[in-house]
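The residues making up each chain are set out below.
There are 2 protein chains.
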Amino acid sequence: MKKFINDPKAFVPEMLKGLALANPDTLTYDPKYNLIVRADAPNNDKVSIIQGSGSGHEPAHVMIVGKGMLDAACPGDVFAAPPTDFVVEAARRVKSDKGVLLLVNNYTGDKMAFEMAEELAAAEGIKVRTLFIDDDVAVKDSLYTIGRRGVAGNFFVIKAVGAAAEAGKDLDEIVRIGEKVNAVTRTMGVALTACTPPAKGEPLFEIGDDEIEVGIGIHGEPGRARQKWVPANEIVDLLLEPIVSDIPYSSGDDVALMVNGLGGTPISELYLLYGIAHEKLAAQGITPTRSYVGEYCTSLDMAGASITLVKLDDEIRELLEAPAEIPIRTF
Amino acid sequence: MKKFINDPKAFVPEMLKGLALANPDTLTYDPKYNLIVRADAPNNDKVSIIQGSGSGHEPAHVMIVGKGMLDAACPGDVFAAPPTDFVVEAARRVKSDKGVLLLVNNYTGDKMAFEMAEELAAAEGIKVRTLFIDDDVAVKDSLYTIGRRGVAGNFFVIKAVGAAAEAGKDLDEIVRIGEKVNAVTRTMGVALTACTPPAKGEPLFEIGDDEIEVGIGIHGEPGRARQKWVPANEIVDLLLEPIVSDIPYSSGDDVALMVNGLGGTPISELYLLYGIAHEKLAAQGITPTRSYVGEYCTSLDMAGASITLVKLDDEIRELLEAPAEIPIRTF
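Chains A and B, in that order, are what the protein sequence lines are. Residues in the first sequence are numbered consecutively from 117, following our numbering. Residues in the second sequence are numbered consecutively from 117, following our numbering.
Incorrect hints may have been included.
Since the list gives no way to pick one copy over another, a pair counts as held whenever it fits inside one copy or between any two copies.
Subject to a maximum C-alpha distance of 25 Å in a straight line, what follows is the list of computed SDA-like cross-link-like pairs (lysine to any residue) [as the list claims (entries may be wrong)]:
1) Lys-118 <-> Asp-146
2) Lys-243 <-> Gly-284
3) Lys-344 <-> Pro-439
4) Lys-396 <-> Pro-140
5) Lys-344 <-> Asp-123
Derived from the structure by calculation, the hints contain no laboratory data.
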């Protein structure tokens, strides 16, 4: 294993420390609970949004804490749910008169930690709700999940509820918005290589030099099928068909189209996939009117990509277009 | 080779097509000359900025065309200089009464193409200057270079001259600013793996499972030394020492600190490196007051990173802080 690490056990804390050092005016880092919190939180005039999940999916979620997005991120170790008491502590740090929303990708471990944390926080008098995200069409149940998995589509739920919270909407309304966005968002991914968790020190699974895993999970969980590599045009078909037919998306729809890199794939290849997907959708009368190309929810150093569609209406579009401020500086 | 590609020969055009489809309001793509141009160019009230280089370094430079950055990018094929007539055509497309600045990383092939293009454009009556960027401290001369190479530090030159152009500065003043930023910017990189150019279909060089290449070039050119992998703390020393001692940067300096991924390294590891570099600089009295962590200038799918320092003064800081608009959407 060749990575930029020191002690594998310190991987997540060292990353979070770097993140805080790079953003001293906007973020605080609490090493005791592994929390990244907005420096200006809590704000009693808005609902606070917390996302928790295992680490290894960066920039999700620690690097999207900021105005109009998350108030706090509560990461676990790599691919592991955060401890329940860390989630409760996160809720304490950002508790607000308007309430706290916990966003959780639908994995059994995360679900247990966050449901328990919601109960404990509520018992302390914190007004709190939880919303589960399950946008992955690849598999019905999986290695770590009952029901669908939550993957890169969580980005759109976060953006929408973050914007709604910033606009002062109340907790019930924000839950409605989050559920609405989740209901029109679908994702499927493909892996070209396995990822290597620092503590494991070797690839999480075997995959041949000429093979791809279609429907891969963001923790390296198996997808729908292992098959031979095919050109990008065919890979886009393998991802788009199950997505489009799922809701379904249909002619006349306006969509946001995301091509998300899984950590080891260069942005050049992601734009190549974007162009193919855009044209294939347009040919079906489905119009991508908002584009997202880059890394949003990764799987460590895995070479691979996922495609996400979001069916847009005026309400969702306005929330996605709202201003936000996150640590990642592109210019 | 497993990549998201169709025909390797079509890799660059398909990427550019995807980029244009994702940004229909702000960018235009000319497949004949491989140009990406701002949709609102030319603007006779500002100097136009063009960067050319080989492809394979994305987001540099085709994905940083936009207000306050580049007016046009003129990419060659992967790791190859663009043809001279493509550069001349780029100058024609964005020619302005205030002039055109060609930005070029210092590689022999690019230098020849752009110097010839400058002559030809000038002969057509286009007011044009060329500025070479050479921020890489790793090697004095290299496989493709007489003198130092231009690498990720070009980002800061582009940002500064882009902001100055947007503010209406004249061509001489913009050249002065570009030269000033280049003179206070230094970079060094390290590779953990080789990159695989699509047309070659296999890694560009051999590197052992336990080896790193210190001082790597962005086209896979050899650096200063091949050595055994060492932990991140030591890797940061290997990169920072030659950078800091070069200008030198010294106690009391405020700097911008960039940790740039080379394409295959996840942002988690880049933030880990950032934290280490930030603290090591601070211990020497050199204060990083502006942070850049992510992918700015890559080498296809290479796992690796570079560190860049920019010595800041009020003029440079103001130019780096100026607003800009580029295709990459992070929220």
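### Query
Checking Lys-344 and Pro-439: alpha-carbon separation at most 25 Å within a copy, between copies, both or neither?
neither (42 Å within a copy, 46 Å between copies)
### Message
If the cut is 25 Å between Cα atoms, do Lys-396 and Pro-140 qualify within a copy, between copies, both or neither?
### Response
For Lys-396 and Pro-140, the Cα distance is within 25 Å only across copies (17 Å; inside one copy 44 Å).
### Task
Check Lys-344 against Asp-123 for me: Cα-Cα at most 25 Å, and say if that holds within a copy, between copies, both or neither.
Only across copies: Lys-344 and Asp-123 sit 17 Å apart there, 36 Å inside one copy, limit 25 Å.
### Task
Using 25 Å as the alpha carbon limit, work out where Lys-243 and Gly-284 are close: within a copy, between copies, both or neither.
Within one copy, since 16 Å is at most 25 Å while 52 Å is not.
### Copy assignment of Lys-118 with Asp-146, given that the CA separation must stay at most 25 Å
Result: close neither inside a copy nor across copies, 28 Å intra and 40 Å inter.
In this structure, the hints that do not hold are numbers 1, 3, in rising order.
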